[in-house]
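Sequences are here, hints too, so could you generate the full structure?
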Amino acid sequence: QVQLQQAGPGLVKPSQTLTLTCAISGDGVSNNRAAWNWIRQSPSRGLEWLGRTYYRSKWYYDSAISVKSRIIINPDTSKNQVSLQLNSVTPEDTAVYYCARAGNGYPNWDFDYWGQGTLVTVSS
Amino acid sequence: QSALTQPASVSGSPGQSITISCAGTSSDVGDYNLVSWYQHHPGKAPKLMIYEVSKRPSGVSNRFSGSKSGNTASLTISGLQAEDEADYSCCSYSHSSASVIFGGGTKLTVL
Numbered sequence: 001q002v003q004l005q006q007a008g009p010g011l012v013k014p015s016q017t018l019t020l021t022c023a024i025s026g027d028g029v030s031n032n033r034a035a036w037n038w039i040r041q042s043p044s045r046g047l048e049w050l051g052r053t054y055y056r057s058k059w060y061y062d063s064a065i066s067v068k069s070r071i072i073i074n075p076d077t078s079k080n081q082v083s084l085q086l087n088s089v090t091p092e093d094t095a096v097y098y099c100a101r102a103g104n105g106y107p108n109w110d111f112d113y114w115g116q117g118t119l120v121t122v123s124s
Numbered sequence: 001q002s003a004l005t006q007p008a009s010v011s012g013s014p015g016q017s018i019t020i021s022c023a024g025t026s027s028d029v030g031d032y033n034l035v036s037w038y039q040h041h042p043g044k045a046p047k048l049m050i051y052e053v054s055k056r057p058s059g060v061s062n063r064f065s066g067s068k069s070g071n072t073a074s075l076t077i078s079g080l081q082a083e084d085e086a087d088y089s090c091c092s093y094s095h096s097s098a099s100v101i102f103g104g105g106t107k108l109t110v111l
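Chain order of the listed sequences is A and B. Just so we're aligned: 23 in this note's numbering is position 23 of the first sequence, and the numbers increase by one with no gaps anywhere. Just so we're aligned: 89 in this note's numbering is position 89 of the second sequence, and the numbers increase by one with no gaps anywhere.
Hints are not guaranteed to be accurate.
Pairs of lysine to any residue residues, derived as SDA-like cross-links and limited to a Cα-Cα distance of at most 25 Å, are as follows [what the hints assert, rightly or not]:
#1 B:44 to A:1
#2 B:44 to A:116
#3 B:68 to A:106
#4 B:47 to A:43
#5 A:68 to B:95
#6 B:55 to A:107
#7 B:68 to A:7
#8 B:44 to A:96
#9 B:107 to B:86
In short, the hints are calculated from the structure, not lab data.
Here it is, written out as structure tokens:
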């Protein structure tokens, strides 16, 4: 059974960096049929896909246009986890953040396992 | 404003069937069979109920079914049960964004 365990602070100051980790059990971050995604949900924006990473002989990264200049998603094979960094946050980035696996193979756009969610509030 | 349009709420009595619509465009729902549906109970992680328009993941009840006609996808739940009361969101690949977009979510109330 795949489980995703998220960790990270619930409060971030404006202009700082939001950092979350997603520890994977029951699967490997290098699984060449899976993609590892970050998705957020807020009352104003609903569910919003942020980005993903996946391994197909090498690592690939995709991100949403809305956060492309601010987002970094990193796989960590030694810890079997994936991390999210979102730079220069504003109150608009306040949301519940989820990591999610897309494990059904190409094109990997359906999310079959989700983390528990982390409410991140951007406030001074 | 969400990219895919869903009704804010639907309701039904136990045992009845309900359908939730998800309206998109020819650049997303209409052009790709990459529509998925998620069930979301408050405080819990979303759960994949339908993927690729009509496929059911292992373990999901066959009371849940998905379909698509033109630019609109639909989720039908038959034999409504109290445990089905939750928020449901659709999701589709979008050519415009080269990624997925979500609907605004529909709150299902089982009367």
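Cross-check of the supplied hints:
{"no.": "1", "hint": "B:44 to A:1", "verdict": "17 Å, holds"}
{"no.": "2", "hint": "B:44 to A:116", "verdict": "6 Å, holds"}
{"no.": "3", "hint": "B:68 to A:106", "verdict": "21 Å, holds"}
{"no.": "4", "hint": "B:47 to A:43", "verdict": "19 Å, holds"}
{"no.": "5", "hint": "A:68 to B:95", "verdict": "17 Å, holds"}
{"no.": "6", "hint": "B:55 to A:107", "verdict": "15 Å, holds"}
{"no.": "7", "hint": "B:68 to A:7", "verdict": "38 Å, violated"}
{"no.": "8", "hint": "B:44 to A:96", "verdict": "11 Å, holds"}
{"no.": "9", "hint": "B:107 to B:86", "verdict": "6 Å, holds"}
The structure does not agree with numbered hint 7 stated previously, though it agrees with all others.
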